[in-house]
Structure formats: C-alpha cells, structure tokens
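S.K.: Sequence:
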Amino acid sequence: MEASPIAAAVDRANDQHYEVPADFFEAVLGPRLKYSCARYDHPGATLAEAEDAALARTARHADLVDGQRILELGCGWGSLSLWMAEMFPASRVVAVSNSASQREFVEARAAGRGLRNLRVVTADVNRFETTERFDRVVSVEMFEHVRNWDALLARVRDWLGPEGRLFLHVFAHVREATFYSTDGPGDWMGRHFFTGGMMPSRDLPHRFPHRFVVEDEWWWDGTHYARTADAWLRNLDHARESVERRVGARAFRRWRMFFLACRELFGRRGGETWGVGHYRLRAPEE
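Numbering (my numbering), first residue to last: 1 to 286.
Incorrect hints may appear among the rest.
Label-pair ranges, simulated between beta-carbon atoms [unchecked claim]: (1) E215 x D124: 26 to 32 angstroms; (2) P89 x T273: 29 to 35 angstroms; (3) D158 x H238: 44 to 50 angstroms; (4) R256 x W219: 37 to 43 angstroms.
Hints listed in this document are in silico derivations from the structure and should not be mistaken for laboratory results.
Beta carbons: idealized from backbone N, C-alpha and C, even for Gly.
Could you build all of it, start to finish, from the sequences and the hints given here?
M.R.: Structure (structure tokens):
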C-alpha cells in the first residue's frame, strides 16, 4: 500500500460512480441521496428512516457539535454535508468531491435550502491541498477508493487542529483486506465499479498508529448494507422504464447486478462476514 499513489484510477472510479447522471441516483437512492450504508434500527424501517438514522449516528460517533470547522472527504451527492450544514448552522463545512457534476448538484441543493455555511470543492484526493485547519475531518465510504492510506492519513494530520479528530465510515471484511482486481474473468466488480479500489479489513484503521490512534469504534453487521442495497434494487426496478431511457438497458442491467451482488455479499451468513466500521481517530501523543 505504501508504494501506491493515494488513489489509483481516479478517473475510472469517477466515471463508474460519480459522473452518472444525478437523476439516476434520485430514482434509486433515498430522499437524502445517501450513496452509502444506511442504518436500520427496527424491522419496519424505511430507507428514508434508515438514511436519517445513519446520518445521526455518524454525527454522534464523529463527536460533531455546532461551531466546528468540518472537512468532508468524498461528499458524494451531499447527504452528510448538507445534513451537517443544516444541523450545525454555526459550523463551517467544506465538502470535497472528485466530480464537477456532484459539486454543482450539491451547491444547487444548498442554495435551495438557504445554506451559506457549506462550500463544495472539486478536487482529486491525490492533489487536494488546503491551508485551513479543521476540528473534524469526516469520510464516508471514500477510503475504499484509496490505495495508500498512510500517505493520505499523513496529509489529514496536517489538516486537523490540535484537538481535531478524523472520523471514518468504511465497509470492511471482518478479517482480510483485499484489492479489487480487473484482470480475471471473475473480476467484474473491479472492472465496472471499483477499479483501483479495495475491500478494507475491520482492523485496517488500527494499522497506522504513527499517524492516528483509534479512539473509539463501532461495528454494524452486514444486514444493514444488505437491506440498503435491497432498497436501492427495489427502487431501480420500480423506475426501470425511466432509468433505461436515461442510461440504457445495458447500464440498467449492470447496476441491477451490482445491487444484487452487494445485497448477497453483505447479507451472507447473517451479516457476520462483511459489515461497516465507524472509527474516531486522534493523533498519537508525542
């Protein structure tokens, strides 16, 4: 990992997920457009309720309070950044996305809600720089696209103030970290959805104690992601006609296969093998 660039195949990953038309995701995701694992706290929870529950837990686990300076790495369609800007009006939120279309989308939503404490930046994580210092750096399902965690964590240290904390939300295998390959006949996921990406292990955030120490952590079993992917799949099927008109029948089938694969992967063995980790990290004491 240490010999790699921070993120590999950035343009491919961007095309695979983030330059897909916004109206596709509006048809498939929940109302918050949270393109990451939701949290189902009871059997009858809807996707909308699960999105809100996940955002609330993220804020609690990251120890967010009003008035903080917050940097989000990999903001997606703005679910967390917009939520933070709404919930913490005295905070200043800077959101980073590799996608210009995502920036425009999030900016439009922020303007429509009258949010003036959110700034969106388009930047490749390999090249992103800032002279600002933040109380919190948060990242939700972005580090899975990072090959060199050590290099990025070193930079995050520089972006945090003296009492700052890093919060990570990553999907993970309970034991093994693996890179997605694109070469073999069975590497469909790597070729079409996670080029340059990886499946972290549950303990991976603990492996860089010279950069950060895990202060607290939480684990969601894979059933939460299985239910999330199943909800996306049902939304996709419901919107099939309009989605096929927008992105084509082939892309529809590919996304359907992706959501099916995610549902089955995270739901395997009752969610015991893959899941989602939340980690709050601090700089080590010198």
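S.K.: Mind listing which of the numbered hints don't hold for this structure, in increasing order?
M.R.: Numbers 2 and 4, in rising order.
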